[in-house]
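Trainee: Sequence:
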Amino acid sequence: MKAAFLPDRAVVKVSGEDARNFLNGLVTTDVTELAPGLGRFGALLTPQGKIIVDFLITEAPSGHGGGFLIDCPRALAQGLADKLGFYKLRAKVAVENLSDSLGVFAAWDGDLTVKPDLSYADPRHAELGWRILIPEELKQKVADLIGANLVDSGLYEAHRIASGAPRGGLDFMYGDAFPHETNMDRLHGIDFDKGCYVGQEVVSRMQHRGTARTRTVKVLLDGFAPESGTAILAGDKQVGTIGSTAGQHGLALIRTDRVTDALEAGLALTAGGLGLRLAEPESVRSTSKQTVA
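Residue numbers (this note's numbering): 1 to 293.
Please note that a few of the clues may not be correct.
Claimed, not checked - With a cut-off of at most 30 Å between alpha-carbon atoms, the simulated DSSO-like pairs for lysine-lysine come out as follows: (1) Lys218 with Lys237; (2) Lys139 with Lys2; (3) Lys194 with Lys83; (4) Lys50 with Lys139.
To be verified - Here are the in silico distance ranges between beta carbons for each label pair: (5) Asn149 with Ala91: 30 to 36 Å; (6) Arg74 with Arg186: 40 to 46 Å; (7) Ser283 with Phe192: 26 to 32 Å; (8) Ser204 with Gly169: 50 to 56 Å; (9) Leu220 with Gly16: 20 to 26 Å.
Please keep in mind that the hints were generated in silico from the structure rather than gathered at the bench. This one's a predicted model, so the numbers in the text were calculated from it and none came from an experiment. Even for Gly, the Cβ is constructed at its ideal location relative to N, Cα and C.
Could you build the full structure based on these sequences and the hints that come with them?
Mentor: As C-alpha cells, this is what we get:
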C-alpha cells in the first residue's frame, strides 16, 4: 500500500447548527447522507451551472468538534471560505480555512489496517483508495499506523490520472466547465434526487436532455507526453485538448461527437505532432449516440 501527503490540497470547515442544511442547499451532493467515516464528492456551482470548486467532504465526529470538513484545492480554499461566508446570511454557520493546520493524506493500492480518525474511502472510485485529514507533520506516523509506504505526491498524481479522475486547473478550468464535462455524474458527484442547489436547473437539464457533448476521457500516449493545453487533432480539425499526463497515461477534454466521427473515418488522433489513442473508445461512441443536437 502507498500513501502520500498532498500539498496541493487544503481543508475548509463548516460548522454550526445550520451547517448541514446550509451546505445541502448549495452543493451538488447530498450532505444529509454524510456521517463520520463517510465521504461524498461534490461541487459548488455558479448559477449558470459551471464549477466554482469541486471537493470531497466528510463529517467530523464530535471528538473533533463536529461540523463538515471540505477537502479542496489549496489555491481555492480561501476563495471557497469567502464564498460560503457570502452565502450564509443569517444562518447559524461558522466557516474556517484550516489550510495551515490540517491537510490531506491519500492512501491507495490496498486497504487500511487501521482506520484513523477523519478517514474515509474516496467516493469517486474504489481505485482511488482512502483520504485521511491530518497535519502534515504526522504523515510518517500515519503511514506507519496504516501499514503504508510513504511516497512522493507525484506518484499519487500518476495514480489519479490512470484512474481517470480529473483535476481542476489541469484537466478543466474552474468557472468554465459543467459538471458533466468533468464526469461528476459518473464519479458520484451529483445527486439528481436531492432538493435544490445553486446551478441545479442547468445540471438537471443536461442530464435529462443528454446535451453534454464534451467529456473528460482517458487517453494512451505514444511516446512523449504533450503539454497540458495542447490541442488534439483529427486530421486538421481540433477535437479536444490534452489535460494532465503521467507516463503513457493521460486525460483529455474532448468533443465526443467529433471524436466519434474521426474514429469512424479512420483518422488518427494527434497532439503536438504526437500520437494518442482513447483508452476506452467504445464509451465515447455510446456517449455520442446519446447526445441530442
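Trainee: Tell me, in ascending order, the numbers of any earlier hints that this structure violates.
Mentor: 4, 5, 6, 7, 8, 9
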